[in-house]
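Chain A: place on chain F using the hints.
Chains F and A are the protein sequences, given in the same order.
Counting with this note's numbering, you get residues 1 to 330 for the letters of the first sequence.
Counting with this note's numbering, you get residues 331 to 737 for the letters of the second sequence.
FYI, nobody ran anything at the bench for these hints, they're computed from the structure.
Treat the numbers as computed from the prediction; the structure is a model and nothing was measured.
Hints should not be assumed to be uniformly reliable.
[To be verified] Computed footprint of chain F on chain A, listed as stretches where at least three residues anywhere in the stretch have a Cβ under 8 angstroms from a Cβ of chain F:
1. 370-382
2. 433-447
3. 638-646
All C-beta atoms, glycine included, are put in the ideal place defined by N, C-alpha and C.
For reference, the chains in residue letters:
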Amino acid sequence: MLLGSATSVAPDTSERMRGFLSFAQRRRAWLAALFLILFPLVAPFKALAAMILIYGLYALGFNILFGYLGLLSFGHSALFGTGAYFCGIAITHFGLPWWAALALGVLGGVLAAAAIGALAIRTLGIYFAMVTLALSQCLYYLFYEATDWTGGENGLTGVNVKTINLFGFHLDFVNPIVHYYVIAAFVIVALFALSRILASPFGAVIEGVRESEARARASGIDVARVRFVTFVVSGAFCGLAGALLALHLSIVPIETMHYDTSGLAVMMCLLGGMGTFFGPFIGAAIFLLLENLVSLYTVHWQLIVGAAFIACVLFFPRGVWGTILQRSRT
Amino acid sequence: MKNNGLTRRQAVVATGAALASPFLFNIARAEAATIKVGFPVPLTGPYGAEAQDQVRAAQVAIAEFNETGGLKGRRAELLVRDDKLNPGEAATRALELIESDKVDFIVGSLSASVQLAVNNVTKVRKVLYNSISQSDAINEAKEFSRYTFHEALNPHMTGGAVGRYAFSKYGKRVVFLSADYAYGHEMVRGFQAVGKAMGIETLADIRHPLGATDFSALLPRIQALKPDVLVISNFGRDQQIVLKQATDFGLKKSMKIVAPILLYTARIAAGAKAFEGVVGGTSYYWGLEKTIPSARAFNDRFRKMYNGRLPSDYGSLAYAGVKTFLMAARQVGTTDPEAVIPAMEALKYDYYKGPEYYRKCDHQAVQSVLIIESKNAPPGDPDVFNILAIDQLSEADLRSCQELGFH
Numbered sequence: 001m002l003l004g005s006a007t008s009v010a011p012d013t014s015e016r017m018r019g020f021l022s023f024a025q026r027r028r029a030w031l032a033a034l035f036l037i038l039f040p041l042v043a044p045f046k047a048l049a050a051m052i053l054i055y056g057l058y059a060l061g062f063n064i065l066f067g068y069l070g071l072l073s074f075g076h077s078a079l080f081g082t083g084a085y086f087c088g089i090a091i092t093h094f095g096l097p098w099w100a101a102l103a104l105g106v107l108g109g110v111l112a113a114a115a116i117g118a119l120a121i122r123t124l125g126i127y128f129a130m131v132t133l134a135l136s137q138c139l140y141y142l143f144y145e146a147t148d149w150t151g152g153e154n155g156l157t158g159v160n161v162k163t164i165n166l167f168g169f170h171l172d173f174v175n176p177i178v179h180y181y182v183i184a185a186f187v188i189v190a191l192f193a194l195s196r197i198l199a200s201p202f203g204a205v206i207e208g209v210r211e212s213e214a215r216a217r218a219s220g221i222d223v224a225r226v227r228f229v230t231f232v233v234s235g236a237f238c239g240l241a242g243a244l245l246a247l248h249l250s251i252v253p254i255e256t257m258h259y260d261t262s263g264l265a266v267m268m269c270l271l272g273g274m275g276t277f278f279g280p281f282i283g284a285a286i287f288l289l290l291e292n293l294v295s296l297y298t299v300h301w302q303l304i305v306g307a308a309f310i311a312c313v314l315f316f317p318r319g320v321w322g323t324i325l326q327r328s329r330t
Numbered sequence: 331m332k333n334n335g336l337t338r339r340q341a342v343v344a345t346g347a348a349l350a351s352p353f354l355f356n357i358a359r360a361e362a363a364t365i366k367v368g369f370p371v372p373l374t375g376p377y378g379a380e381a382q383d384q385v386r387a388a389q390v391a392i393a394e395f396n397e398t399g400g401l402k403g404r405r406a407e408l409l410v411r412d413d414k415l416n417p418g419e420a421a422t423r424a425l426e427l428i429e430s431d432k433v434d435f436i437v438g439s440l441s442a443s444v445q446l447a448v449n450n451v452t453k454v455r456k457v458l459y460n461s462i463s464q465s466d467a468i469n470e471a472k473e474f475s476r477y478t479f480h481e482a483l484n485p486h487m488t489g490g491a492v493g494r495y496a497f498s499k500y501g502k503r504v505v506f507l508s509a510d511y512a513y514g515h516e517m518v519r520g521f522q523a524v525g526k527a528m529g530i531e532t533l534a535d536i537r538h539p540l541g542a543t544d545f546s547a548l549l550p551r552i553q554a555l556k557p558d559v560l561v562i563s564n565f566g567r568d569q570q571i572v573l574k575q576a577t578d579f580g581l582k583k584s585m586k587i588v589a590p591i592l593l594y595t596a597r598i599a600a601g602a603k604a605f606e607g608v609v610g611g612t613s614y615y616w617g618l619e620k621t622i623p624s625a626r627a628f629n630d631r632f633r634k635m636y637n638g639r640l641p642s643d644y645g646s647l648a649y650a651g652v653k654t655f656l657m658a659a660r661q662v663g664t665t666d667p668e669a670v671i672p673a674m675e676a677l678k679y680d681y682y683k684g685p686e687y688y689r690k691c692d693h694q695a696v697q698s699v700l701i702i703e704s705k706n707a708p709p710g711d712p713d714v715f716n717i718l719a720i721d722q723l724s725e726a727d728l729r730s731c732q733e734l735g736f737h
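In isolation and in its complexed conformation, chain A is listed as follows:
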């Protein structure tokens, strides 16, 4: 009888190889005495472009730190992991970074649910984490961890700043159109919070399912309501589609379209026409360099490292998120969380966009929101937004510590 399957030798070799390979990986990854910054971001999936820019900007912070002497000679290193925009994957990756790679800090995530997943892991294991994407929930006492900081804006801050600007400039009769999930709900809540104080009139609060491709049924209804302002709270492809259809339908002639967040990468990808004249908020736009020296320095460094490329809004958050930990650690001369936390809480910094600091009760970065308007720039021109205003927020513009459940 001929044995046409695996011979024993083949089986032994294959088993040996299979057993040995993970050990090789472990050996290759083990390095001593460097400061390790774990960086889980969704490199693949719908936010891949933003995530890859976050990696670039984080590398800028690492390079600057190493060039200026590190921490008593200890160099920093970025450990990038793909979280696939999935909370379960992100939690597994965070566990890997903590248990196998023994990271000192974790910075990253690009969605509310993913950052909450990472936060939950780091909270229990007492590892420092800086979250760089928008979420209201992460500020709440229920989720709070003294090991977690939130460098990004949150929907309450963004919606509030854009609302204050838009309702005072363009009128008080408002229609809301938002994606029916946490992001849309939190944004509308942010707009309503300032709107109530300003006495706006909500004509309609329309929700559309996530991933909608046809808004044509909603547009005549919105036009018939004759609002001054149409607030569109959705993201990515949904935003591109609805703005294109609204432009084609002619809504822009009779009302001002406002979006809480205008993304640099999305605007570049979609082109000028759909976004033209739309007003929104952002945490950072490179054009800030005309007035703010730290923005100039950050952009120049970024351009130098990446052949003239410009940093995006979410990318810049990664720069600040990594840099604050490294600077705080350098200040206290150690990466021990118990020493770094008070240093982070005391930090007053201006790394790329003007003054910032972390509020004591929820570790939210108090910072400015830029109000920007998309302009009709020719394709290839990186100067796509006008900065209309810089809203330097104070703690009074954030949800109060009591409201968040802190006592």
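Next comes chain F alone, as it looks inside the complex:
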């Protein structure tokens, strides 16, 4: 975690800042939740705000592996996509209620992560990236070819949930604001869960393995198992994000599984700040907002968005959020 518990040396003007930062560190999930609750007020439209939530959660799941454990996976689209397809298939083929479909989506992410993780964690570095990429492409073609189940090229259509029934309340899921807050509720629960995991001894072990594998092993930690479990935990978060995507778009496009989507997670994490709690959300928000707003005004939006990314890399070497945190600590 980049936000260490700063101990003050001399009482100066940055004292208050430190105080705030350590408060923010302890209450990071609450602050993140508050941000998500207020976010639709400033977002250009609700559907985009929901997309930012979902991709933020996806990048957050990816960040557990990438930022906290230090493994670069290029196969996370498989976890995200399997979650989306499991949720979509549960609704379209089996007519299950939305909550069961969401649970199956998480399960899908976990299963895909377990399958890919079991094979991939034997390797490290660039080999790990390549193996995860190859395995995710296998899953891509599996879903692509299973046309009867997934719709193949055309995508899975008809994942329609019109009302959310909860404890006797009937929420109109077609209403954009209700729609956003239902998705936000799940993302916030996920944020608290992640914060808890990272604050637990297991969270410390994950970072310990990243910092020094040899030292972690010498302390009696089963490094391979830590890597596997972290991969599966990451899969659960990505699976949930995928399931929410299926509910949000009411379709599952095959593009969800494509390796472009894996690259997107890497991009969002780097842009926001890898290894920071809230960075992936910032990255997702910057990426999607830029893309959507600039493309309203010119067909050459890729040029402008590209220039903005270069600027981010030059001026925010630790990602936008990571750099802001670092600067405010010095």
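Structure of chain A alone, referenced to chain F:
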């Protein structure tokens, strides 16, 4: 200790600017009382050229509508969005158009999966949508929405019309070579449906992966089979490459090459040689103006707005797709979907290519398929196709309502 990071003032200003900017966008986009037509098309990506022509043609329909008085003085406006040829992006854009821009109609898309994504969004939210690219799936009862119309042809209609022409003219021994995805499969199914009735003999049904760059291994095999007709069902760059390699290999000497769809933009981009003598289908070619007055009027208007430029096939679909909604709305005096739908269903129109109407059960536009042959036109000459035949389809040439799952 020097604070070399963000000062508090900078932070406040930056946060303020970040918070304010989306509001500015919202204010700038809000306009009252116009009829808004949302238009998601893939402006960037492999079909960018077609999509930009679709925007041009749609603007022609909007301009004509506004010049002739609009709807009781209400003017129409086109809201163009880049769907990036991605179904997820298209669905998000459709949601934006419905929720923020409060559009009256949506027209657009340029791939099967993208139109199904938009269709799914508009179906649930009861918004009128006219799809302007080919798909068989959108006609099926499973996907049907009474709010959706399909102005484009579909693979069954196109493949059927081209097959009827080619198998009767050039022979019944056929080899199929198609891209291995929904478009290729649906086209082959369309050809087979008419082929079976005509008694064709399928010598081979070869699939190649999407985005293939080398067909040289397949060409000798195809030549050895000695077919009368080689049907190549792929699109864009794949089509250009395979036609060039087949021409160089000399396949054209011993068999007729047929493609279900010949695109005007692709032919212009690729040049004459690879396409020469290839027979295919299209929904529209500007040369139709020699015989059809509405085509003449549409082309002239398009030329006038865009410095002598000519409309493409997919562009023209956008013109008709936008125009049908606007005309139906004008007829009933409102943009209320419940009033516009019956008006659309009753519409008999000839806007640019001869008579058309929407079939009641699946809202498919019943129209003609042009059979065209690419000719050896010099570079820069826009007259690149000969129209061999105009196949005026009837409902009997479409998949029947029962077959689509309607009862």
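Do the hints match the structure? See the list:
no., hint, result
1, 370-382, "holds (count 4)"
2, 433-447, "holds (count 4)"
3, 638-646, "violated (count 0)"
Checked against the numbered hints above, the structure violates only hint 3.
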